[in-house]
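If you count the sequence shown from 1, you need to add 2 to reach this note's numbering.
For the record, the hints were derived by calculation from the structure and aren't laboratory data.
Owing to the predicted nature of the structure, the values given are computational and were not obtained by experimental measurement.
A virtual CB, placed ideally from N, CA and C, is assigned to each residue, including glycine.
Careful: at least some of the hints might be erroneous.
Said to hold, decoys possible - Label-pair restraints from in silico Cβ distances:
no.	residue 1	residue 2	range
1	R73	L141	54 to 62 Å
2	W97	A117	22 to 30 Å
3	Q150	T121	19 to 27 Å
Stated by the list, open to error - Straight-line C-alpha distance at most 20 Å; calculated SDA-like pairs for lysine to any residue:
no.	residue 1	residue 2
4	K120	K80
5	K120	L141
6	K80	R68
7	K120	K94
8	K120	L152
9	K94	Q150
10	K128	S147
11	K151	A127
12	K151	R126
13	K151	T139
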Amino acid sequence: MTLPSVLVADQSSKPFGSSLYISTHTIDFSPLIAQRLQNQTKQVEKGTRTKTTNSTTDSESEGSIRRQIFRKFHEIFKEDQARAPGTAVERKVRWDMGTTAGPGNAANAATAAAAVAKTAATSRAKLFKAAKVSHYTLLSGGDVSQLQKLAIGDFGIV
Numbered sequence: 003m004t005l006p007s008v009l010v011a012d013q014s015s016k017p018f019g020s021s022l023y024i025s026t027h028t029i030d031f032s033p034l035i036a037q038r039l040q041n042q043t044k045q046v047e048k049g050t051r052t053k054t055t056n057s058t059t060d061s062e063s064e065g066s067i068r069r070q071i072f073r074k075f076h077e078i079f080k081e082d083q084a085r086a087p088g089t090a091v092e093r094k095v096r097w098d099m100g101t102t103a104g105p106g107n108a109a110n111a112a113t114a115a116a117a118v119a120k121t122a123a124t125s126r127a128k129l130f131k132a133a134k135v136s137h138y139t140l141l142s143g144g145d146v147s148q149l150q151k152l153a154i155g156d157f158g159i160v
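Let's have the full structure, built from the sequences with the hints guiding it.
Below, the structure written as structure tokens:
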């Protein structure tokens, strides 16, 4: 198989000389294009876009019923999601109030953790009292109470 010759301008190009730019308008690619079209497969012919306009019908642009249902579901879902409006003071109040434990395992875990912490604080208080440590009530709870809550950035030496 031989390819047809490419028709180029009569002037010789100077790729390393003064004229580095060769215009594509001076080269005639029509023999190569004709050869390509003659040898292309059906898949290539049908897989190439030939229209530039959007040819969707009205029913496709509106979307299917399923798509409309999903869109409405997501709108309702977004409305129900919790948002955090308000000032920093209001957000701090919500943060300090905490959240109630959910049903099931979360509630059981929260109850168990509170019970373990309370018994640990009681046993530490007894040990510190027996050792006659001053301010043993503060030490037994790690100096964390309802008046002085544990905050980000707090640290202690154990």
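How the hints compare with the structure:
In this structure the supplied range 54 to 62 Å holds for R73 paired with L141, their Cβ-Cβ distance being about 59 Å. At roughly 24 Å, the beta-carbon separation of W97 and A117 lies within the given 22 to 30 Å, and the hint holds. Restraint check, Q150 to T121: a C-beta distance of roughly 21 Å satisfies the suggested window 19 to 27 Å. Distance hint between K120 and K80 is unfulfilled; the C-alpha atoms sit about 40 Å from each other, more than 20 Å.
For the hint pairing K120 with L141, the CA-to-CA distance comes to about 13 Å; that is within 20 Å, so the pair holds. For the hint linking K80 to R68, the alpha-carbon distance of about 18 Å falls within 20 Å, and the restraint holds. Straight-line distance between C-alpha atoms of K120 and K94 comes to about 26 Å, which puts the hinted pair past the 20 Å bound. For the hint pairing K120 with L152, the CA-to-CA distance comes to about 16 Å; that is within 20 Å, so the pair holds.
At most 20 Å may separate the alpha-carbon atoms for a hinted pair to count; K94 and Q150 meet this at roughly 15 Å. A distance of roughly 18 Å separates the Cα atoms of K128 and S147; the hinted pair therefore holds under the 20 Å criterion. For the given pair, K151 sits about 19 Å from A127 by alpha-carbon distance, which is consistent with the 20 Å threshold. Distance restraint check for K151 and R126: the Cα-Cα separation of roughly 19 Å lies within the 20 Å cut-off, and the hinted pair is therefore satisfied.
Taking the CA atoms of K151 and T139, the gap is about 15 Å. The hint holds against a cut of 20 Å.
This entry does not satisfy hints 4, 7, going by the numbered hints stated previously.
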